[in-house]
Structures are given as C-alpha cells and as structure tokens.
Amino acid sequence: MRSRKIIGRVMFYVLVAFIVIYTVFPFYWAIVSSLKAGSGLFQVEFWPANPAWDNYVGVFQGQPFGRNILNSVIVAVSVVVLSLFLAVTASYSLGRIRFRGRTTLLLVVLSVSMFPQVAVLSGMFELIRWLGLYNNLLGLILSYMIFTLPFTVWVLTTFMRELPKELEEAAIVDGASPWVVITRVFLPLMGPALVTTGLLAFIAAWNEFLFALSFTLSNEMRTVPVAIALITGTSQFELPWGNIMAASVIVTVPLLVLVMIFQRKIVSGLTAGAVKG
Amino acid sequence: MTTVYDAGRATTPAARGGAAPFRGSLLTRQRRRAAWLFLAPMIVVLSLVAGWPLLRTIYFSFTDATLYDLEYHEFIGLLNFYYLAIDPHWWRAVWNTVFFAVVSVSIETVLGMVIALTLNAHMPGRGLLRAAMLIPWAIPTVVSAQMWGWMYHDLYGVINEIFLFLGLIDQPRAWIADPDLSMYAVIAVDVWKTTPFMTLLILAALQLLPGEVYEAARVDGINPVKVFFKVTLPLIKPALMVAIIFRTLDALRIFDLMYVLTGNSRATASMSVYARQQLVDFQDVGYGSAASTFLFLIIAAFTVIYITVGKVNFDQGSK
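In order, the protein sequences belong to chains A and B.
The letter at position 266 of the first sequence is residue 266 when you use the numbering used here, and the numbering goes up by one with no holes.
Just so we're on the same page, the numbering used here is the position in the second sequence counted from 1, plus 1000.
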C-alpha cells in the first residue's frame, strides 16, 4: 500500500515535469539558438558553450527592427487607450442601465468579436485606402479596433455588473449625473479591471498579423510580427535562423515579464472574456 | 449636463419619501438617454470598422473588382461563388480548415483536461506551474511559428534529433516540406500554443467545484476514474462546451500559423489563407471576397451556437 502510494507520487511528478518541459522547451530552444553564432547554430547542443550576442546585434543591422518595435508599441498603446476610453462609457450603459435593445446590442458586440478577420479584409482595405491611411500606422490603429473594442466592452460590462448597486444609488441621490457616476464613482474602482483588459487587448494588438501584413507596404511601417515573418536571408534556402530566434526572443521577453507580473489578473480576465460569454 | 444634474437634485426629496412613480420614470428616462449617448461613440466606431467593411466585402463578392482598381467593377451575380464551388483548391482549403479545427481542438480538449486535473491537485509550486502555462499563450503566433519552423528544420532541427535519439524515426524527416506531414506539424504547433488556454479555462471551472462531493466519494471508496466521469465531467460540462466552441471558432479562422510556417502551400492552406491569397497576391477582390463571405457564413453559424450555449449565464448578474 505504502509503496503504491510512493509510485503514484513519483508518476505524478514525472507527469508534472513532462508538462513543464513540453510548455517551456520551445522557448528555451529559441533562446539557446539565438545565442549561437555562425556554424554553431547547426549543431544540436542543449546548452550554448560560448554564448554570443551577434544575432541580437545583427537583427537591428539587417532591417529597421528598432523602428518595427516602435511601430508595434505606438499601434498597440493607441489601440488600447482608444478601446478602453470607448469601452468604459459603453460598458456602463450595457452593464448598469436597463433599456430596450440592450441584449441585442450585447449580442452584436459578442458577434463582432467572433468575426474572421479575413471576412472584412477587402472592405477594410477599401476604407483604409479611401481614408488615405494605407501604409500608415493610423490605418492599423483603426482596423485593430475591430477585435479590441468588442473584447474590452464585453469584459468591462461583466465587471460593471458586479459593482455594488448601493454606490451608484447613493451618488444619484446626491444628484450625480451618469457621467459623474462613471468618472468619480466607478472609474476609481475599475483600476484593476482596466489594467487586465488593457493588457489583454495590448497582447492581442501586439500579436496581430493579418491586417499588419496587408495594410503596410514598406519595411519602416511594419510591425514586429510582420517583420519577424519576413526576415529573409541571402537565398530562400539560407534563412538566418539565428537572427529570427533573436528577434523572437526580443519581442517575447517584455510580453512574458508583463504576463508573469499580472499572472493572476490575466487568468481571471481570460475566464471573464471567454467563459462568462 | 446641467439639466441632468438639476433633474436629479429636484427629485431627491421624493426619493427619500419612498414610493414616487414620477421620480422613477424621469430618472429612468434620463438614464436611458444617457445610455444611448454613452454608447454612441462605441457604436459609431464598431459600425465603421466592422459593419461597413463586412457589407462591402459581401458586396464585392458579387462583383469582378480587382485590387488594382476597386472603383471600376461590375456586378456579376453569383459567378464568383460558382467558380468557388468548382475549384478543387478551395475545397482542399475547406477540408484543411475543418480537419485542422476538429483534430487540434480535440487534442487540446483532452490534453487541457489532463493538465488541468494535474494542476488542480494540491502540490507545492502550483502557482509557478500556472504561470509557466501562460508562456506559450503569450508568445505571438508568428513567433511560435518561426520557433517551431526552426525546430522542424529537416537538417538542423532539434525535433529530428530528439526523435532519432528516442528511436521514433530512423531518418530525419522534412516535417514542413512533406505534404503528408505538414498538416500534422501545423496542428502540433497549434496544440502547443493553445492548450494552455484550454487548461486555464478548465482549471477555472474545476476550482469552483464543491469539495464535499469529492470528500463523500472518497469516504465511500469510489474509483477516481468513475468519480471523474460521473461527477467532475457533468459539473464542468457547460464551461467545457463554451471553451470548445470558443477554440473551434478561433481554429476555423486560423491564418498566421499556416502562412508563416508553410506559406501558401496547398497541403495546409486554410480558408483564410486561400481567401487572402486570392485577394492580395492574385488581386482578385471579387473572388477572394466570395471566399471570405463563405467563411463568414460558417463562423456566423458557429457564433449562433456559441451564443445559444453561452446563454446559460449570458444575462446573469445584471442589475
């Protein structure tokens, strides 16, 4: 009986170890590969004997990678700020006021978050060209609203519903208008929700690929995912894997740091966004 | 804002007095007006970036528009859809997408369940493990595609090395170039990347389960496997269903993974890859829009299912 228990325990931890290796290994391998220079890359070596930073320097020399990172930051931050701004007032209406058409509106918002991006590609392309925003970061900011806005509205509405009724009633009795209720009463309470939703929207915007690929043309306007997808070597058969891995690590590490800091909040945000729907 | 403010103030005494139908209706009307005012910017933006482009895409699908000049096009009725229906490459893309969605979501569900059950057990460092689960989820799809592309490399890839070492294969394989293997290679990356999402959702559901039931089951000495199928699974079924439909919707519109890992290769091209290739690479906006519209209809059908299933607690907790 006792030995069976020990075997069970050992099996359990073997399983846990396997899960961890499975999840973490590819990223570990990217780091190891990014630290190998020259021909060292083409030998399978699970620990780089002589770590070298050549790839990290190279990735900024071969293409405007610094500019690409800046583009991604500008686009993602703008999209998050705009979405949160629009979503706060909208979620107050959807979460706390009963009016005709509310459920329909919520369903429409939910449906938009399910849109396959390619389904709006030609219409969006026309719109962006018409507004003169082709190969312009503003075009990306506008088009990204299609997935960040429904998401932020949805999650913030869920959050708004859970705020205590008494707070709002007290404010109304004191003569506060809905605008004052939002800005003075609810907004200070929404800090954590705004951080979580904003972070999830930021990650989605940071990772977006299809629109960024289709609505930008020049190297200088590309965002990070497009830049990484299009890094090319001297020939098709000579992809600079070291550079690609270095670029991959560069864009992922800040994201991982953010995710680890806000780990708990992200899990609850994900669950609110998906399951409560 | 001033009038709104005054209206609120004027009714205050009545509010203290209790029943006052006048106050209720005035306040309610005022709040309804505010509601629409607050919603207006969001509705305008959403109509601009979602409603209008979608309508234009559907419109384009009935025309012969080209990317070179979108303005000059003619209405050609259902011709694009006819060509779509007779294009074997399109049906290959449809099959690829469905196959990809079904296989990867099934694996993710089973794997996510196993990992969630493991992480749900009491052990030291559980929080750390949950954090590790977030790594694949947080890595951009393009980055994970490139990372795996390197690991799959036919000559220098670590996958071949490991598989050879374990004796699973007797010679290196070209995982991505080989049309028989490439779809499975793509699925493996998707499973790696999105199983954590599934795990987190299942874990959230597991942690809400009442502990007493398991206590009772243990006292009665019921087989854990039986407990899982008779107690756990039925209890987390609603959350599981929503997670599965959510992942399926995501899988059906997949684009970046295939595009980066295998390009426009017929063996793995999804419906989104096919539509974008027609639209952008071949400049055929009309035909590409027809393919996009078809995909939209499929997703719309699934969305209806999602909303119906999710409705279980859709309007719950509203005040």
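Just so you know, these hints were derived from the structure itself, not from any lab.
Treat the hints with care, since some could be wrong.
To be verified - Think about it this way: if two alpha-carbon atoms lie no more than 25 Å apart in a straight line, the pair counts; the simulated SDA-like pairs of lysine to any residue are:
id	chain 1	residue 1	chain 2	residue 2
1	B	K1237	A	V267
2	A	K5	B	E1215
3	A	K265	B	L1111
4	A	K5	B	W1137
5	B	K1226	B	T1118
6	A	K5	B	T1232
7	A	K265	B	E1215
8	A	K5	B	A1121
9	A	K265	A	R184
10	A	K265	A	V253
11	A	K265	B	T1109
12	A	K265	B	Y1184
13	A	K265	B	R1126
Quick caveat: nothing in here was measured; it's all calculated off a predicted structure.
Kindly indicate which numbered hints from before are broken by the structure, ordering the numbers from low to high.
4, 7 and 12
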